[in-house]
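Student: Chain by chain, the residues run as shown.
There are 2 protein chains.
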Amino acid sequence: MKLKIAVHATDGSARRGTVTTSRGTLPTPLFMPVGTKGAVKHLDSSDLEALDIPLILGNTYHLMLKPGAETIAALGGLHGFMDWNGHVLTDSGGFQIFSLEPKVTDEGATFRSTYDGSTHHLSPEGAVAVQEQFGADIQMVLDVCPPLPSADHVVRAAVDRTSAWAGRARAAFLAGTAQRLDRGLDQAQFGIVQGGIDLGMRAESARRTVDLDFDGYAIGGLSVGETREQMLPALAAALEHLPADQPRYLMGVGDPASIVEAVGLGVDLFDCVLPSRHARHGTVLTSAGRLSIKNKAYERDDGPLDASCTCPVCARWSRAYLRHLRRLDEPTGARLLTIHNVVWLSNLVVGLRAAITEGRFDQARREVLEVWA
Amino acid sequence: MKLKIAVHATDGSARRGTVTTSRGTLPTPLFMPVGTKGAVKHLDSSDLEALDIPLILGNTYHLMLKPGAETIAALGGLHGFMDWNGHVLTDSGGFQIFSLEPKVTDEGATFRSTYDGSTHHLSPEGAVAVQEQFGADIQMVLDVCPPLPSADHVVRAAVDRTSAWAGRARAAFLAGTAQRLDRGLDQAQFGIVQGGIDLGMRAESARRTVDLDFDGYAIGGLSVGETREQMLPALAAALEHLPADQPRYLMGVGDPASIVEAVGLGVDLFDCVLPSRHARHGTVLTSAGRLSIKNKAYERDDGPLDASCTCPVCARWSRAYLRHLRRLDEPTGARLLTIHNVVWLSNLVVGLRAAITEGRFDQARREVLEVWA
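Protein chains in written order, with the numbering used here: chain L, 1 to 373; chain R, 1 to 373.
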């Protein structure tokens with residue numbers, strides 16, 4: 001189904017809204033945690049419910065290999081498999097597959113599994129089929145995502161192939177709609193804008209993607225090696241050509257400074273492994289910036305990770321306890337830091353909603369940048 | 001304070017009761033999970049509350065090294081450090097230290113830290129002091145725990161040294177009582193019976209321990225290499241000499257068959273790392289016995305781990321999902337299996353309470369042995 005965004009308030013280009021899907025509604029702007037292999041690391045679906053997380057991302061690359069799309073389909077799709085009634089967005093597998101240096105032709109990509117070395121193939125149509133088996137609420141098209149910096153001809157080729165694949169993916173998706181609806185599966189499909197940091201190619205890629213009339217739009221191929229100063233104009237160049245009444249999703253970007261800048265440009269959705277990855281390394285997101293919980297300074301610090309945080313970890317456990325658990329690699333520590341980081345980053349974005357409504361987005365933006373830029 | 005058990009029902013030697021401590025009451029028989037380093041692996045104190053766990057064990061050896069007794073004391077003892085209002089029992093460190101082949105004299109044991117190789121010393125009096133700093137509700141005396149089989153003279157020496165150390169530990173503990181009460185800390189101290197599988201030495205060790213008039217009694221040095229057939233008579237020989245109106249704690253024994261036999265002999269308290277360790281290896285406790293969740297047979301099994309289990313994991317997630325998470329070493333999987341195993345083993349013991357009250361303990365015992373013996 002075509003996803004529309006009801007915009008409730010704007011402040012400059014920043015917007016607060018509600019995206020309606022077949023499953024329900026999503027308040028935006030919104031950060032989605034990443035459940036790479038069918039779980040946000042250390043968390044289960046009851047945790048996500050308790051933490052008010054309405055949307056998570058699942059990784060097609062990992063899930064198609066283990067446990068496999070057939071198995072997930074047999075168990076009720078990702079929602080049944082995880083027993084999760086919230087929203088699921090699945091990526092197309094492209095981002096991971098292209099990091100494996102696959103053999104790519106116009107037809108699709110052939111790659112080796114990092115689990116067992118076995119050979120697999122993914123085409124634009126195959127990515128649609130796999131994400132249908134996953135039963136995701138939102139599918140992403142298979143795109144070509146070059147690292148940055150890349151030569152112009154590499155970015156150009158990525159734009160062209162992404163566009164060609166998007167056309168095939170859209171056709172395959174639309175051809176399956178009636179059959180999906182018959183069995184109660186009403187998915188949305190997002191196109192992806194590429195183009196590196198070349199403003200012209202970003203604009204062109206956006207227009208060509210919009211021409212295919214997707215249910216929503218993502219900007220991919222950013223935060224892959226370029227600076228924030230290079231990223232933001234490229235993001236703006238793409239956003240300019242995306243329809244105002246549909247959701248806009250910036251893929252894989254999760255540092256607070258980039259998130260606030262992207263919200264300022266009109267982005268609605270975000271995903272990133274950053275809060276989970278930071279947690280595993282003992283790095284904590286706080287309103288005063290990052291802190292490394294393993295630091296000796298916290299040995300007897302009985303205060304919370306962040307006094308202004310509303311997460312259940314800050315309500316209950318001290319920096320000293322969390323430092324102790326993390327230093328000894330106790331899994332309880334990684335879990336509690338994950339809960340804090342995920343809630344903290346989600347709440348950063350939730351806080352921007354109020355700032356937009358109250359016409360003080362730029363002040364909120366400056367406060368975030370002061371700490372995080 | 002001296003711990004008394006109010007016995008509500010007996011069936012043969014099995015007894016159901018309530019132990020009253022300065023913190024509250026503990027229903028018995030009771031299984032306590034092990035929070036080695038200040039957390040039951042993968043769980044936090046809010047989990048323990050949600051799972052109705054009233055008592056956990058903390059390991060003196062680990063906690064005195066990391067983060068150290070001074071640090072824990074500065075943060076409010078283990079209860080403050082973990083933010084845990086349930087009961088804590090701490091072992092004396094003896095069991096771990098003796099596995100490190102320490103230098104032992106009549107005075108105490110000198111050992112190397114497995115964390116950094118540094119040298120440490122623990123005496124009977126020192127173990128009392130450390131557990132006072134931890135603020136445990138129940139302290140254990142420093143004992144000598146030989147592996148089995150051991151030569152008679154080794155077991156004899158362990159009984160004698162354990163007894164001598166128990167006398168010093170009791171004196172040190174009693175000397176500190178007034179000062180502890182002044183600052184609101186009303187601890188109990190348990191003596192430990194040794195004696196290997198020699199019935200005479202078990203009886204002697206029990207009598208010598210009881211002569212020191214402890215607040216409760218533990219049976220140590222079992223499940224350390226002997227068979228269950230060797231263990232049970234030794235346990236019975238010790239229990240015979242322990243006061244009926246005080247709690248009896250069988251240390252480190254957690255396999256279902258041994259637990260049910262020990263309850264049948266009159267044991268009240270149990271601890272073991274078994275449910276957590278099994279969970280990490282993908283081994284699941286069920287009413288039909290152990291199952292290995294990684295088994296291919298569960299690939300598409302949408303049933304719960306154990307259909308008769310009341311834990312939150314069995315209420316929600318399938319064997320197929322848990323198998324997937326465990327196979328990929330996803331920490332969510334180890335957490336969910338830990339929750340199941342801890343609740344399952346706790347509930348096995350809780351179920352024996354009803355059997356005792358209803359006069360069908362022997363039937364319940366036979367049902368457990370049929371699966372687990």
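The set of hints was computed from the structure by calculation and includes no laboratory data.
Misleading hints may appear alongside valid ones.
Chain copies aren't distinguished; within one or between two, either way the pair holds.
Below 27 Å or equal to it, Euclidean Cα-Cα: the simulated DSS-like pairs (lysine-lysine) are [as the list claims (entries may be wrong)]: (1) 66 - 294; (2) 66 - 4; (3) 4 - 103; (4) 103 - 294; (5) 66 - 103; (6) 296 - 4; (7) 66 - 296; (8) 2 - 103; (9) 294 - 2; (10) 296 - 2; (11) 66 - 2.
Note that the structure is a prediction, hence the values are computed from the model and not measured.
Student: Should residue 296 paired with residue 4 be assigned to within, between, both, or neither, using CA atoms and 27 Å as the limit?
Tutor: Close neither inside one copy (50 Å) nor across copies (43 Å); limit 27 Å.
Student: 27 Å Cα cut-off: does residue 2 pair with residue 103 within a copy, between copies, both or neither?
Tutor: Close neither inside one copy (33 Å) nor across copies (74 Å); limit 27 Å.
Student: Reference check for the pair residue 103 and residue 294, CA-CA at most 27 Å: within, between, both, or neither?
Tutor: Neither: 42 Å inside a chain and 33 Å across chains, both beyond 27 Å.
Student: Using 27 Å as the alpha carbon limit, work out where residue 4 and residue 103 are close: within a copy, between copies, both or neither.
Tutor: This pair counts as neither: shortest intra-copy Cα distance 37 Å, inter-copy 73 Å.
Student: Treating 27 Å as the Cα threshold, decide for residue 66 and residue 294: within, between, both or neither.
Tutor: Between copies only: 13 Å across, 34 Å inside.
Student: When no copy is named, should residue 296 and residue 2 be tagged within, between, both, or neither for a Cα gap of at most 27 Å?
Tutor: Cα proximity of residue 296 and residue 2: none, with 52 Å in one copy and 40 Å across.
Student: How do residue 294 and residue 2 come out at 27 Å by Cα distance, when the copy is not named: within, between, both, or neither?
Tutor: neither (47 Å within a copy, 41 Å between copies)
Student: Given identical chains, is residue 66 near residue 103, meaning Cα to Cα at most 27 Å, within a copy, between copies, both, or neither?
Tutor: within (21 Å within a copy, 50 Å between copies)
Student: When no copy is specified for residue 66 and residue 296, does a C-alpha distance of 27 Å or less occur within a copy, between copies, both, or neither?
Tutor: between (40 Å within a copy, 13 Å between copies)
Student: Check residue 66 against residue 4 for me: Cα-Cα at most 27 Å, and say if that holds within a copy, between copies, both or neither.
Tutor: For residue 66 and residue 4, neither the intra-copy (33 Å) nor the inter-copy (54 Å) Cα distance is at most 27 Å.
Student: Since the copies are identical, ignore which copy is meant and state whether residue 66 and residue 2 lie within 27 Å (CA to CA) inside a copy, between copies, both or neither.
Tutor: neither (30 Å within a copy, 56 Å between copies)
Of the hints listed earlier, those the structure fails to meet are numbers 2, 3, 4, 6, 8, 9, 10 and 11, in rising order.
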